[in-house]
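Given the sequences, and given the hints that come with them, work out the whole structure.
Each residue of the sequence shown is one higher than the one before, starting from 1 at the first, in the numbering used here.
To be clear, the hints were calculated from the coordinates, so they are not data collected in a lab. Among the clues, some could well be false.
What the hints assert, rightly or not - Under the rule of at most 20 Å between Cα atoms (straight-line distance), these lysine to any residue pairs were calculated in the SDA-like manner:
no.	residue 1	residue 2
1	K245	R178
2	K346	L202
3	K90	A136
4	K490	L362
What the hints assert, rightly or not - Each pair of labels, with its calculated beta carbon distance range:
no.	residue 1	residue 2	range
5	S89	M125	13 to 23 Å
6	H390	R190	42 to 52 Å
7	H390	S167	27 to 37 Å
8	K98	S444	19 to 29 Å
9	S89	M143	21 to 31 Å
10	T516	L112	53 to 63 Å
11	F96	S167	46 to 56 Å
By construction, the Cβ of each residue, glycine as well, lies at the ideal position given by its N, Cα and C atoms.
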Amino acid sequence: MQLHFSPSMRSITISSNNGIIDLMKIKVAACHISYRTLFHTILILAFLLPFVFILTALVTLEGVNKCSSFDCLGRRLGPRLLGRVDDSSKILVRDFYKILNEVKTGEIPPALDMPDSFEQLVSDMKSNQYDAKTFAFMLRGMMEKFERDTREAKFAELMNKHFAASSVPKGIHCLTLRLTDEYSSNAHARKQLPPPELLPTLSDNSYHHFIVSTDNILAASVVVSSTVQSSLKPDNIVFHVITDKKTYAGMHSWFALNPATPAIVEVRGIHQFDWLTRENVPVLEAIENQNGIRNYYHGSNFARNNLSDTNPQKYASKLQARSPKYISLLNHLRIYLPELFPNLDKVVFMDDDVVVQHDLSLLWEINLNGKVNGAVETCRGDDEWVMSKHFRNYFNFSHPLIAQHLDPDECAWAYGMNVFDLHAWRSTNIRETYHTWLKENLRSNLTMWKLGTLPPALIAFRGHVHPIDHTWHMLGLGYQNKTDIEILKKAAVIHYNGQSKPWLQIGFEHLRPFWTKYVNYSNDFVRNCHILDS
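Right under this line is the structure:
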């Protein structure tokens, strides 16, 4: 395209490149045009022509038929110059949505082989020349398969974690066996705990009495050690460690050979309490011996249940509810504290999966206002997962007895670190209420609640709980890996409640050091049993 100006500047001719065809000829009268106007006209043309060239090139590159006239170019470029877009892309998207809707409700052809990877999908598309609908079916089939595989893998992970949490680590089993053997061969391991001259302190209410009920020797050592090391008055501490008959010798050996001086430690087995007879604990005897209950907690039939009607979170809760510890007398023992320690007025009961980080002396100065149980409430707090528990989280409110007697919005509280006023407790019917509801749940085939010892305690202690500040007891370290470390450091007691105990390989690595700092790795038994080596 060329521009020609006549010598008199009275005409402008636009011709083709070969100069043969004149495309446009403009005659300008001298009286109507000035050099300034002409200059501006040329400047505008020089500005517009590159854009016309670019748009023409784009049309050509897009596969549009070659245009041989300005009329054709006008039809092609006009909408683009006016900011309009060809509707073909919209039609393509609309057709694609239509295909997706058909595929969403349709049946996947049974003869269609689903690729296992994206590379295989691309290869199949190239070799078989699938249409858009077949391609959409393949995408749907692949996604559904991956969802099933992911879901099954998640359930398998939860089941394996349940087995890991319910088992005894090799190192801890080794520790128990070696200490039990030491009890039989070493007189120092059998020495009286506490020494005879300190026996009066076991019923002296001027001391601060702590109670731990466990068959885990290593865990018990951490609870005692962390409490004594964190105390401002360790010589005023008396620990009552209760264990079962099979662990008693090993537990006694540990604290005989590793005294928690200046604190006083007593180790007693369940078999050494005269009060714990079948007549006094008939419900717990039934729990431990009834075949149906034992099969519920120890059987493997749950692993074969249909998983289509549940989700991983509910499945994890059901697995946790089947922990064998929930039918252990050691776990129910706290409900009998007033009878087991008839001379004590106030005690702090702690689970074996806690660590004490700060002095607990002030717990004995808390006025419970006539209540029995000083506990941290778990229905309010910064952690919406851990501190959001109400009665509806523990009970089946479709059961008529539960719906009739309980409020689903009532605030729950935590076991693990509790201040018990045993003097006030003895004038209540808490134990009887506990037994009554346990019996009802057994009669209903465990349909009223599933999760262990806390639900019946929530009922039995109703009206007898005094809330204490949440900084006394921080929960969730056994199932919440997003624990705020700064808040954790400020808590007086941290609780590894949940499956991921710090002595297990499935424990959270960043939370484990708060527990292991109180493990005596210099001890020969701990070292030789390779505790947490691998």
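**Q.** S167 and F96 - C-beta distance against the hinted 46 to 56 Å
**A.** Roughly 52 Å apart at Cβ, these two residues keep to the hinted range, so it holds.
Q | Hinted pair K346 and L202, Cα distance within 20 Å | A | 12 Å, holds
Q: Mind checking the hinted window 19 to 29 Å against the Cβ distance between K98 and S444?
A: 53 Å, violated
Q: Starting from the range 42 to 52 Å, see whether the pair H390 and R190 falls in it by beta-carbon distance.
A: Holds, since H390 and R190 (Cβ atoms, about 49 Å apart) stay within the stated range.
**Q.** 13 to 23 Å as the expected CB spacing between M125 and S89, which holds or is violated
**A.** Between S89 and M125, where Cβ atoms are some 22 Å apart, the hint holds.
Q. Taking 20 Å as the top limit, are the C-alpha atoms of K90 and A136 close enough?
A. Holds, at about 19 Å.
**Q.** Verdict for T516, L112 (Cβ pair) under range 53 to 63 Å
**A.** 54 Å Cβ-Cβ, so the 53 to 63 Å window holds.
Q: With a cut-off of 20 Å on the C-alpha distance, tell me whether K245 and R178 pass.
A: 16 Å, holds
Q) Given the hinted pair K490 and L362, is their alpha-carbon gap at most 20 Å? A) Judged against 20 Å, a Cα distance of about 15 Å means the pair holds.
Q. Should the hint that H390 and S167 are 27 to 37 Å apart at their CB atoms be regarded as holding?
A. Between H390 and S167, where Cβ atoms are some 32 Å apart, the hint holds.
Q. Is 21 to 31 Å a correct range for the gap between the Cβ atoms of S89 and M143?
A. Once the Cβ atoms are compared, 25 Å apart, the range 21 to 31 Å for M143 and S89 holds.
Consistency with the previously given hints fails for number 8 only.
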